Structure formats: structure tokens, C-alpha cells
Amino acid sequence: MVMQSLEIRRSSASVWGIPSGIRTLPTVSKYIDTSTCIGCKACEVACQEWNDLRPVQTTQTGTYQTMPTLHPEFWNLIRFNEQNYDGGIAWIMRKDQCMHCDDPGCLAACPAPGAIVQYANGIVDVNQDLCIGCGYCESGCPFDVPRFHATTGKMAKCTLCVDRTTVGLEPACVKACPTGCLQFGTKDDMVVLGNQRVAQLQSAGYKNAALYNPAGVGGTGVVTVLAHGNHLDWYSLPADPHVPILTRLWKHVVRPLGMVAIAGAVIGAFGHFTKFGRKEVPGSGDSGVQPPPA
Amino acid sequence: MELTRRGFLKASVVGGTVALGFDVSAAKAEMREFKISRTTETRSICPYCAVSCGVIIHTLGDRAKNVKASVVHVEGDPDNPISRGSLCPKGATLKDDIINGNRLTRPKIRRPGSDKWENITWDEAISKIARNIKTTRDKCFVATNAKGQTVNRNPGIAMIGGCTDTNEFNFLQWKVITALGVPYRDTQARV
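From first to last, the protein sequence lines are chains A and B. So that you can map any letter, position 180 of the first sequence is 180 in the numbering used here, and since no number is skipped, the others follow by simple counting. So that you can map any letter, position 89 of the second sequence is 89 in the numbering used here, and since no number is skipped, the others follow by simple counting.
Chain A with its partners taken away, still in its complex shape:
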């Protein structure tokens, strides 16, 4: 080990170790200003290089977008979109990646203890050693981010470069961004920055400019400035993301009930054994005593 691991704030399917440490760290956050993104995709490349992900075969489908959607070896995608706006065109470029929710749906849905963790600084990460590749996080994520990797049999997604942020560096995508539409800092600072930019956009004529930091998932670790905040569909963003009710029902009701049922069955079996003993089939000669070794 060359560095100290981050303490864990929350861990999937775990009762123990929540939280695992006593240190409180500021939540780190990424700021994305879609209004100054030029779609150069330096962040996409920087992500691939830092995480040693190989280029994925792509197909030209008449758009600048690298591929239709996120991929287990492509965690950071600029989504291009063109919409009619104010007699002209609004050319939308939105950085799609893990939002690092404060209340992560993937973590809530994950059945493998410790496979998805939220570190003390708010980063949500998949622990490849413990992931069982069930894909439940896919269904739990309101942003459709985690992807199943067929070769490793594990889930993969953006880690907010936790290996960099832990040692005090910014994520690779943020460092590369040549226009500065990506910024990195504490969540509080990024929200201040976002609100400033939204006010600037509104005074410049974009009356519906908004900061995307949805409360349904407790706020996201990635705050996004949208020039057209009234058209979330232009950005492929859900209006009210939240952890699916079925996930909550399963994790908070069905699963504890199942645990109680299993425990009851074990206790019942033990009670039956002590009270009635083993079942003996008359005349079979099986007394349960091992014959002496030959």
C-alpha cells in the first residue's frame, strides 16, 4: 500500500461498518457547465487514458456522439443533441457519467456486501473484488449509468477518479477540460459556482437556466449547469430521479422479513431436534452410529 484508504460512509448490503471510520471529510464534487462545453471530448479521452480503458469499436450514425450510450469500458460520454430554440438551434452537449448521488440507488439495490461503497468524501465506487455481477445496480440507478462487463462479469462505471482524488488531485476529465466547463472542488464550492453561472446565464437571456442537483437522490456529487433547465429531456436527464420504490421495498421490507424467516427456520429446526430428536426409520438399522474403521 502506498496510500491510506478512504473511510467508508456507506456500504452496500452491510449492517456492519456503516460508517467505517470517524473522520469527516468534505464531499468532493464535479461541476459541469453544459453552456461552455464545446464537445471536444478531451474528457472522454482523459478518462480512457487514466483508467487504462481500451478504445471501443464505434459506428458512425450521423452524430458527433462517440457512442449511443455508456459502455463498461467507456464511462464518460458527451451526449450531443440538437433542438430548435428561439428561431435557431440549441446545440446541447451534456457530459454523461456517474452522478455520485448522495443517496445512491445502485448502492441501495446492490445485494453483495461491500461491492458498492460510498467513501467518506462522497464518491460512489464499485469494488471489483466483491461485485458479483448481478446487475441490480443497473436497475437501481435512476441515471442509467452502471454497465455490466461481459468479460470480467462485474459492473463498471465512473469512479470520480477516486485514486486521484484520494491523494489530492482532480479527476482526469476535469484536469483535461480546455474550456474550464469542468471544475472540481468541494460540493459546497461547486454549488456556489453553479448558482453564479446560472444567474449569469439568466441575466444573459437564458431565463430557464438551472442548476441540476436533484433532491430526490439527496443531491448529486456532479452538479450540472443547464442553459435550458425547462427541457431536461434535451439533456437526457430525469426530471425527478429517485431510488426505485421496488428497491426500497425489497431492501427495507422483504429482505429483513426473509432474514427473520431463515432465522426462525433454523431455531425451529434446532428446537425440534432437542425436543424430538432425529427421525428414525423403523427397521432400517440406521442408528446414526458410525461403524468402526476397518
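Read the hints as simulated data drawn from the structure, not as lab findings. Remember, predicted model here, so these are calculated numbers, not experimental data. Built from N, CA and C at the ideal position, the CB exists for glycine as well. Heads up, some of the hints might be wrong.
Over the 12 Å line for every Cβ pair with chain B, so calculated as not near, a few chain A residues [to be verified]: (1) P26; (2) C43; (3) P55; (4) G62; (5) F80; (6) N81; (7) F148; (8) V266; (9) E280.
With a straight-line cut-off of 35 Å between C-alpha atoms, the simulated DSBU-like cross-links for lysine-lysine are [what the hints assert, rightly or not]: (10) K35/B - K154/A; (11) K175/B - K147/B; (12) K251/A - K154/A; (13) K154/A - K95/B; (14) K154/A - K90/B; (15) K116/B - K128/B; (16) K90/B - K108/B; (17) K108/B - K128/B; (18) K95/B - K68/B; (19) K95/B - K116/B; (20) K68/B - K154/A; (21) K65/B - K35/B.
With chain A's structure known, arrange chain B on it following the hints.
This is chain B only, laid out in the frame that chain A set:
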């Protein structure tokens, strides 16, 4: 080997104790290690456009005698005043540019009339360039102009500096090319 009931129970108890005694909490909290923590850092300039962003080339090993260094990562140089760590998508791919098998690493020549490139050594290349410069200069040298004034110029050669050359390198090549009397010369002396 025959596994007796007693042996099986013993093995179960021992195995279970070992498994429970092994604390996996540290492993659970583990994350990827910082992959460039002990690499050698070399500052350089991105070779692509005239913006000339600064890059840091991270090389495997610590330059010890027995290490064969290879480039493992390239990213922007935050101390470079031009780009302050940012890069474009082309610059961000530099690692794969450096380790690419198709990268040009030695001089080649396409001789007059030939349709293919052939490898030559650096000595051959330098000798050939020197020979051509001397020949061209001897052929094109202008000692005096029409009015009889001494000009000592050599209009047969032009020099264009590369956008990623440093000021120090540009100073040297300017001196050399001036000494040859070349009037057509340009550098992009700002890196």
C-alpha cells in the same frame, strides 16, 4: 484419501476459524492505487498544434540503472502557463502516440525518383543534410546585389521553425541559419 466423519468435522472447525479470523475489512476499504505515485516525471510540450500545451510524461521506474523505462501515462502540466494542465482530445492521447508501433523513431529517406522510403542512420542523415546545404549554398550564394553592395545572402534555402520548439532551441537555429546567409526564416519563438 478417505475422509472420515471425525476428520471432516475437524477440518470444518479449523477452516471456519481461519476464515472468520481473517479480517477482510481492510480489503473491503481498498481502492485502486495511485498508479503514477512513483513514476519519473518529464516535462515536455505537446507536439500537435501551435498552442503548445505543456505535458508531463510519466515513465515507469525511477531511472535506476537496471530499469528499462517506458511511458505509462501522459497528462497536462499544471505549471505550464499556456494550458495549466488542460489538454485537447488529441493531446490527451499522447501516451498511445508514444508507445505506438507505427511511431517514426529513425530517419528515413526517399531518394529522387524512388517511390519508397528507406531507413538510414543518423550519421548518414546528418552528412546528407550537410552536403545538400553546402551544395545549395555554393550554387545559390549571392555576394553582392545589383548595386554592388555586399549582401552575402543565400536565397536557395528557407527555414521554418516548429511550433513546439523552445525559445532556446529557436535561438540556436536562428543563429545557425543566419550564419548560412538564409534570408527566408521563421520561428515560433514563444514556447
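Hey, K175/B versus K147/B, does the alpha-carbon distance stay inside 35 Å? 27 Å, holds
Is it the case that F80/A keeps its Cβ farther than 12 Å from each residue Cβ in chain B? 14 Å, holds
Least C-beta distance between N81/A and chain B, which was stated to exceed 12 Å: The claim holds: N81/A sits with its nearest Cβ about 20 Å from chain B, beyond 12 Å.
Starting from K154/A, check that the Cα of K95/B is at most 35 Å away, please. 27 Å, holds
Mind checking the alpha carbons of K90/B and K108/B for me, to see if they're no more than 35 Å apart? 25 Å, holds
Given the proposed pairing of K154/A with K90/B, does the C-alpha separation stay at or below 35 Å? 30 Å, holds
Check on P26/A being off the interface with chain B, judged by Cβ distance over 12 Å: At roughly 18 Å from the nearest Cβ of chain B, P26/A sits farther out than 12 Å, so the non-interface label holds.
E280/A non-interfacial with respect to chain B [C-beta, more than 12 Å]: With a cut-off of 12 Å, E280/A remains clear of chain B, as the shortest Cβ separation is near 18 Å.
Given the hint that K35/B pairs with K154/A, test it: the Cα-Cα distance must not exceed 35 Å. This hinted pair holds, its Cα atoms lying about 21 Å apart.
Against chain B, does P55/A keep a CB gap of more than 12 Å to every residue? Incorrect as stated: the minimum Cβ-Cβ distance to chain B is 9 Å, not above 12 Å.
Is the Cα-Cα distance between K116/B and K128/B 35 Å or less? The given pair, whose Cα atoms are some 18 Å apart, holds under the 35 Å limit.
Within 35 Å, alpha carbon to alpha carbon, are K108/B and K128/B? This hinted pair holds, its Cα atoms lying about 12 Å apart.
Hint compliance for this structure: hints 2 and 3 are not met, and every other hint is.
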